[in-house]
Structure formats: structure tokens, C-alpha cells
Amino acid sequence: MGGEPAAVELADLHVAFGGNVVLDGVSLPVGPGFTGLIGPNGAGKTTCLNVISGYLTPDRGSVRIGGQDVTGQAAHRIAALGVSRTFQSPRLVPNLSALDNVLVGAHRHFRRGHLAELLGSATARREERRQRDRARALLSTFGLGGLAERAAGQFPIGSQKIIEVARALLNDPAVTLLDEPAAGLGAEDVDRLVAGLSQWVSDGAGAVVIIEHDLALISRLCPVVAVLHFGRIIRSGPTDEVLKDQLVVEAYLGADFATGG
Amino acid sequence: MSEVSTRIGGSTDVTTLADGTDAPPAGSGRRGAAARLVGLLAVVVALFALPFLVNTYLLFVVNLTLVYAVATLGFNILVGWSGQIGLVHAALFALGAYGSALGVGYGVPFLAMLPLVGIGAALIAVLIGFPAIRLTGFFLAIATLAFGFVIVEALTAATPLTGGGAGLIVDVWTLPGITSSASTYFLTAAVAVAAFLLARRVLHGRFGRTLQTVRDLGPLAGSVGVSALRYRLYAFAISGAVAAVAGALYAQLQTFIFPAMFDFNLLVPFLVMVFVGGAGSLLGPIVGAAFAVVLVEIFQDLGDLQAIAYGVALMLAIAVLPGGLVSLGAELRNSRLVGRVLPSRAARSVRRGR
Numbered sequence: 001m002g003g004e005p006a007a008v009e010l011a012d013l014h015v016a017f018g019g020n021v022v023l024d025g026v027s028l029p030v031g032p033g034f035t036g037l038i039g040p041n042g043a044g045k046t047t048c049l050n051v052i053s054g055y056l057t058p059d060r061g062s063v064r065i066g067g068q069d070v071t072g073q074a075a076h077r078i079a080a081l082g083v084s085r086t087f088q089s090p091r092l093v094p095n096l097s098a099l100d101n102v103l104v105g106a107h108r109h110f111r112r113g114h115l116a117e118l119l120g121s122a123t124a125r126r127e128e129r130r131q132r133d134r135a136r137a138l139l140s141t142f143g144l145g146g147l148a149e150r151a152a153g154q155f156p157i158g159s160q161k162i163i164e165v166a167r168a169l170l171n172d173p174a175v176t177l178l179d180e181p182a183a184g185l186g187a188e189d190v191d192r193l194v195a196g197l198s199q200w201v202s203d204g205a206g207a208v209v210i211i212e213h214d215l216a217l218i219s220r221l222c223p224v225v226a227v228l229h230f231g232r233i234i235r236s237g238p239t240d241e242v243l244k245d246q247l248v249v250e251a252y253l254g255a256d257f258a259t260g261g
Numbered sequence: 262m263s264e265v266s267t268r269i270g271g272s273t274d275v276t277t278l279a280d281g282t283d284a285p286p287a288g289s290g291r292r293g294a295a296a297r298l299v300g301l302l303a304v305v306v307a308l309f310a311l312p313f314l315v316n317t318y319l320l321f322v323v324n325l326t327l328v329y330a331v332a333t334l335g336f337n338i339l340v341g342w343s344g345q346i347g348l349v350h351a352a353l354f355a356l357g358a359y360g361s362a363l364g365v366g367y368g369v370p371f372l373a374m375l376p377l378v379g380i381g382a383a384l385i386a387v388l389i390g391f392p393a394i395r396l397t398g399f400f401l402a403i404a405t406l407a408f409g410f411v412i413v414e415a416l417t418a419a420t421p422l423t424g425g426g427a428g429l430i431v432d433v434w435t436l437p438g439i440t441s442s443a444s445t446y447f448l449t450a451a452v453a454v455a456a457f458l459l460a461r462r463v464l465h466g467r468f469g470r471t472l473q474t475v476r477d478l479g480p481l482a483g484s485v486g487v488s489a490l491r492y493r494l495y496a497f498a499i500s501g502a503v504a505a506v507a508g509a510l511y512a513q514l515q516t517f518i519f520p521a522m523f524d525f526n527l528l529v530p531f532l533v534m535v536f537v538g539g540a541g542s543l544l545g546p547i548v549g550a551a552f553a554v555v556l557v558e559i560f561q562d563l564g565d566l567q568a569i570a571y572g573v574a575l576m577l578a579i580a581v582l583p584g585g586l587v588s589l590g591a592e593l594r595n596s597r598l599v600g601r602v603l604p605s606r607a608a609r610s611v612r613r614g615r
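Residue numbers (the numbering used here), protein chains in the order written: chain G, 1 to 261; chain F, 262 to 615.
Calculated directly from the structure, the hints in this document are not laboratory data. Note that the Cβ used here is the ideal one computed from N, Cα and C, for glycine as well. Certain hints may be false.
Said to hold, decoys possible - Some, not all, of what chain G presents toward chain F, calculated at C-beta under 8 Å:
| hint | residue |
| --- | --- |
| 1 | 53 |
| 2 | 80 |
| 3 | 100 |
| 4 | 117 |
| 5 | 120 |
| 6 | 128 |
| 7 | 167 |
| 8 | 171 |
Using the sequences and the accompanying hints, generate a full structural model.
Dropping the structure here:
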């Protein structure tokens, strides 16, 4: 222990919906860089993200972000601390441009209020321009720079998910939570996503938690991985070791993955 | 699905054409800004030259259109931009009308009453909005409708102050040297131009995109750090303030007001103006207001048919043109029939490889 606090520290999380126990004592420290969160359907992965991002208050246990206890705080307050997330199916404003959708992610960086915006203050305009440039640059790292002005609803789902990731990153998050970012993406979109995310992580020290069923992608991106099974973390550690672990293979992957590599 | 939109929406290779090139959007820039400025100046000049060109009846019609356009601009911020069907707008419009008329009666200058009724209505809208923002859809509509009934009933009941059902005569603010109807018109035009310019700045900026995020993401807007409840309350306050200012101008135009003018029946044209014009569009309220006013003038002698015409217009707008009349151009371009002959801009730009 000691030194830097973990980016995210989950301690003994319990969540039950009625009699249905979804998280049953989840404890997990998340450091900088990519962390994979895998497990069969219904294991509680998305519930985990919902607890971290403030959409669910755990029945027991705590969530610390950068050492600060945020358990039970409202979602927008947690996001304002630098916690971003995406959703399994992308949630964008369809009639706004891709660029404007990404810009929404910068919400916590605006110091000037809407009154300054209404009165056209120079500082407010400068802020807007600065964030707009950042959003444009971010879309370019994901290969969508040339389509920034197109309405988000006109993009195929794969690109919408990438726009959502860019929106999450414009927050400059200390913690980014991605819920199945590659599901429904074509091979090229996955490459674009990986390239953009890798650049983001190598540029800063943010922590990125990825829920994903595509284990090839997890192996490619995440040096560490945690396996959730029936609401418990059954293994966590270096990805190559965990994916070979007999317990994990039996619980989730099936024998063919272990033999196939 | 239409041919063109299949080509755009269905193909996955749209984005592969981008390849990270950062081409600026064509057609915008300095020349576009200059053209917009010239267009705006032309509109302003035309608006302010009108009283010298047309008869009193036509001036009244245009004046009424502008009043409704301002009121609908406010309603649209609540309904179209923030996605809340709050139905207290007609009552706040009434408070603006009564508040300004009564204030002038007590000796406050009308030009001072104009911002005062705006602030007062914003405060009342916040009080109503505070419980209402936690409701959505049907429940929100019913709850706010009830508040509206209470306000209009209160105006009727407060007979010593408001004249009750018998109505109230309004002192009309007049510029020296010109007629009162021209004065009212100039004032309305000035307020309308200012309101739309200010609205354009914030609605096409950060405030507008945040409101739309709250509308489309709901509570999930929290994931980008936006408090959905706070922005819903902002929308209530702003739409209330704009409603009251428009109401004050409406009283000036009508010169005589009574509570029944502002009851539930006024909400119907307001909703028609928002949805027929285009919910969540900046110019929708102007188009919607012009449509509604002209409709009334055309069907003036038909009595009950007027209500039917409203109903049919609302149904057609929602069924055929969900984006309202302002989306007519885009809908036509993307429609199958026209799309074959005249390729849409999006399809053209895809083909060009932008």
C-alpha cells in the first residue's frame, strides 16, 4: 500500500435487486492504464460500472475515486470529478453534429456560466473555441475528423460508439468506463477505436476500465484483467495469466479457448 | 426506407472515407457570415419599414405573428429543446399580460414592466418547475396544466384587482409622434429581433447542446457531468420569462384582456406553433406562428371548423413532418421521389469523398 491512491478502489460492494444478488462483495483496485472487466452475461459487470458512475448506490461497500469516497454521490457530481463512461448502445443527440456531441463531454471544463455565453463575453467565446479545437482533434485521432459536422444520427452504430468514446475522453477523465465499446463494430472500426484509445492512454495517466466479450481485444489492450462471476471477482491480475487460469476457463471461457490459446 | 437514406445510413463505409482528413466544412466561413449578416439586416429593415407600407389590419396580423413567435420561442425552449411538455405557458403568458397592465396602472413605466414581468414569471416558473422537473411525459403535462388552471382561475377571482371576468383595459405605451398601433408594433419587432438573436447565440451554443443532451439522454446526461434536473429547471425559468414578456406585448396589442383569453384553449395554438413550426428548431416558432395566425385569419368565419383545422394541422405535422415545417426542405431532398432526381447534399458529399 502507500503512495498514490488507486484511480478507482472498490471495497466490498454489495448490490441486490430484490432477492437477486448482483454484486456480492466486489473489491478491486484499478490502476492507471487499461483494465479489462470480463465475465459471462449477468455476472454484474454493467452493475459495477453503474455503481462507480453513481447510477446505483450499493447496499454495502464503498467506491473511492483517486482516494476520495464518492459512494452514493449523484452521477453528475462523480462525472465532474473526472469519471466518464459510455453505454452498451450509444446515447448521442442524433440531430447534433458529431463535434457538438463530443463537446458535451467538456461540460466540467467550462468556467464561465451561461449568462456570459448569452452576453457573448470574450472569455466564454475563447473557452468554447478551445474546447471545440480539442474535440476536433480528438475526433481526428479516432479517424472521424473529416465528418465532424455531420449529424450524429446519420452515422452507423459503430461510428456512433466511437463518437461516444470521444465524448467520454473530452472530459479529461481520470477514470474512463467503457461498456462493450467494440460490440457491433466492424474490424476497421475496432482498429480505429484501439488506435485512439491507445494514444489517449499513452498521452496521459488515465485509468480505463473496459467491459468486453471480445477477448482478443482485451488481450490486445489490457495488461490486467479482472473476472467477474456471479457477482464476485474470481480472479484478477496480468491478462495472459488470468485467461489461462483453470477456474476462469471453466467458469466462463469454455475449454476450446484454453486449447486455442 | 428511402433510397438515399439507405445509402447514407446503412453503409458502413461512410466513415472509412474520412481517413482522418481534417477538411473544414465547405460553404461556411467569412463569406457565409457576411451573407447571414446581410440577410439579417434585410429582415430588420423590412420589419421596421412595414408600418409605412401596409394597412392597419395587416400590421395587426404581423404584430400578432411576432408576439406569438416570441411566446413560442419560449415554449419551444421548454418543449422542443429540453423535451418537457410543461403546460403552464398560457398562464405565464397571462401573468405577463396582467402584470404589465396592472403595473402601468400603478404608475410603473411599461418599458420597466417588461423585464419585471419576465423576472416575476421566471420565479413562478421555478416554483412550479421545482416539483415538475421530477416528472416526465403525461404526468408532467397534467401537473403543469393544473398549475395553469389555478393561475387563470386566480385572475378571475381577484376581481377587485384584475376586473375578473369582465376584463381589464390596457394602457397602451406610445412613442411620441406616431400611432399607438405602430408603437406597439415597433416595440414588438425590437423585442422579437433581440429575443431571436440572443436565443440563437445560446441555443446554437453550449446551452442549446446541453439542453438537447438532457432531452435525449435523460438522467444519463449525468454521465457527462450535466445535472439533468438543473437544466430542466433552467428551461422552465427561461420559457416562463419569455412567455410573460410576450404576454405583456400581447396585452398591448389587444388593448383589452380577460382571463378566458388565456385558458386551456390558448395552449392548443401554442403547441401547434411549436410542432408545426419545428420542435427544437430556432426558426420553427416564426414559421409556426405565421402558420397559426394565417390559419385563423383564413378560417375566421368558420367557427368550430377552426378547431378542426388546428387539430388536422397538428396531426399532419406530427405524422408527416415530425421535424416541423422548417424540416420541409430536408425532407423533400431526402424523399424517394425527389431524391432520385436531385441527390441530397449528404449523398453528394459522400460521393466526393469528404
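Point to revise | Hint numbers contradicted by this structure | key: No hint contradicted; all consistent.
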